[in-house]
Amino acid sequence: MKLVTAIVRPEKVNDVLEALYRAEIRGVSMSRVQGHGGELERVETYRGTTVKMELSEKVRFEVAVSDGFVQSTVDAFCAGARTGEVGDGKIFVIPLEQAIRIRTGETDEGAVTPVDT
Amino acid sequence: MIAVGAVQISAGDTAWMLAATAMVLLMTPALGLFYAGLVRSKNTLNTFMMSIAAIAVATITWAAVGYSLAFDEGNGFIGGLGHVFLKGVAFAPRAGTSIPQLVFFSFQAAFCIVTVALVSGAVVERMRFVPMVVFSALWSVFVYAVLAHWAFGGGWLQAHGTLDFAGGVPVEMGSGFSALAAALVVGARKDYGRQALLPHNAVYVLLGAGLLWFGWFGFNGGSGFSTGRSSVLAFTNTLLAPACTLFVWFLLDLLRQRRVTAIGAATAIVVGCVGITPAGGYISPAWAMVLGALAALPSYAIIVFRPRTRVDETLDVLAAHGTAGLTGILFLGFVAQSSWNGVSDGLFYGNAHQLAWQAIAGLAGPAYAFAATFVLLRLIALVTPLRATEREEGVGMDIVQHGEQAYASGEGAILVSTEAGLEASVSVAQL
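Keeping their order, the protein sequence lines are chains A and B. With my numbering, the residue at position 83 of the first sequence is 83, and numbering never jumps. Count along the second sequence from 1, add 1000, and you get the number used in my numbering.
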């Protein structure tokens, strides 16, 4: 069981969701974050004030998957989020100690496997 | 009353027209707000700026040649060059009115500005800013001024008796059918038809529509150029017709999806104001209410149908302005009443000739607007690309075209004041 965290460009979110859907990965959370991953700073000007935007808007996805699904999840993130330019984001795969589905109390593999109904 | 030569200036008429002009000018930022709410948040400023740019560009072109081509005596197609750069436009009254020609010029300038801004709704979220500004300048002269001459400035439509009180031909159909052409030339947004592209702030949309309605009292109520009967009638009709459109729109929303929508309501206000624009000073208040109700139907149908096509006429200028303007122009041909307007009757009051010329205006105006806009944009495209790249479209036009964001958080922003400061802050970034 792994937690796959991916940080991607906000404008690629729909492509990522589409790719995850195609890979049959259903359980997903996302949140807006700000970060800096080495891309060029953007310069913005407000009246006389010129600023460099150090942090860019990003979107963080979190998906808990059983081991067999890790590769297809990673592939889906890469396919959906890649533009080839600096700033496309990162994927982190983290071991997951325990997972519990609140509704049923199922744990681990059972908790991260989507139900069909 | 101040005597100027043989013709009288009316202080009352002038006072109202000065106020009405300011009200019409407010419609442009109001439209900017309306449009900005309808796009995604990353394109808010760019969308708003297209309306603001219209104020800059169309005012200059109008003073330079537009006013002259529209309102100086010329031939049936286009006016002369006698008023270029306001030559001969001063305190003496404009022929046929009791207000100084300078006031008449400003009032008409505000019309040109808001019409230019209207067209931008077709191409938001992907058209580059500079080509849009160039297009606005050319469009205000080669499309708006020509249509204004036809309908208001003594051109062939007006000479044959076409009635157009406040701009159904140049403003509403002119912008609506130009918008269709612009959407076809510029092409759809990259995500159109693939993703849900939703309005980001419905409150802006409602507030924008409300301010537009307010401005429209000056727009229609000022189009009699006086405080006389036609202005009073148009003013009242500007209250009645949109209210009826709004109510019918509620019913249509209920029938179709069992809920009344806010964006729909804002759209209905615009549609109602547009519908009454050509007819305001010519039809009775009761007929104005009927027109308001009827105007909802074709515009609603097109707004439902258009997103199912490949045509990304993004903010539905064709439905809200082109279609509703056409409805108003034609309806007027049926129900114009000389007992109310002192000018002409429509078909229901025994004058089929009136309807015929309304129909001709309803064909000629859209045809010219569509064709001329198509050609203008194609010509600009030969010189510079009309649209942003796919990547820029993804990032959003605010950052790419303006280097600003509508909703900047300020977090992570590092102050750069001088070239030296720029160097210094690079090292901060590397920490």
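Possibly wrong hints are sitting among the right ones.
[To be verified] Okay, derived cross-link-like pairs now, BS3-like style, lysine-lysine, Cα gap no bigger than 30 Å in a straight line:
# : chain 1 : residue 1 : chain 2 : residue 2
1 : A       : Lys-52    : A       : Lys-2
2 : B       : Lys-1190  : A       : Lys-52
3 : A       : Lys-2     : A       : Lys-90
4 : A       : Lys-52    : A       : Lys-12
5 : B       : Lys-1190  : A       : Lys-12
6 : A       : Lys-90    : B       : Lys-1190
7 : A       : Lys-2     : A       : Lys-12
8 : A       : Lys-90    : A       : Lys-12
FYI, nobody ran anything at the bench for these hints, they're computed from the structure.
Hints, one by one, checked against the model:
Of the supplied pair hints, the one linking Lys-52 of chain A and Lys-2 of chain A is violated, its CA atoms being roughly 37 Å apart against a limit of 30 Å. In summary, the hint linking Lys-1190 of chain B to Lys-52 of chain A is supported, as the alpha carbons are separated by about 28 Å, within the 30 Å threshold. With a C-alpha separation of about 16 Å, the suggested pair Lys-2 of chain A and Lys-90 of chain A falls inside the 30 Å cut-off, and the hint holds. With a C-alpha separation of about 23 Å, the suggested pairing of Lys-52 of chain A with Lys-12 of chain A holds against the 30 Å cut-off.
Distance restraint check for Lys-1190 of chain B and Lys-12 of chain A: the Cα-Cα separation of roughly 12 Å lies within the 30 Å cut-off, and the hinted pair is therefore satisfied. Simply put, Lys-90 of chain A and Lys-1190 of chain B have alpha-carbon atoms about 25 Å apart, close enough for the 30 Å limit, and the pair holds. Pair hint Lys-2 of chain A plus Lys-12 of chain A holds up; C-alpha atoms about 23 Å apart against a cutoff of 30 Å. The hinted pair formed by Lys-90 of chain A and Lys-12 of chain A meets the criterion: a straight-line CA distance of about 13 Å does not exceed 30 Å.
Of the numbered hints given earlier, the model fails hint 1 alone.
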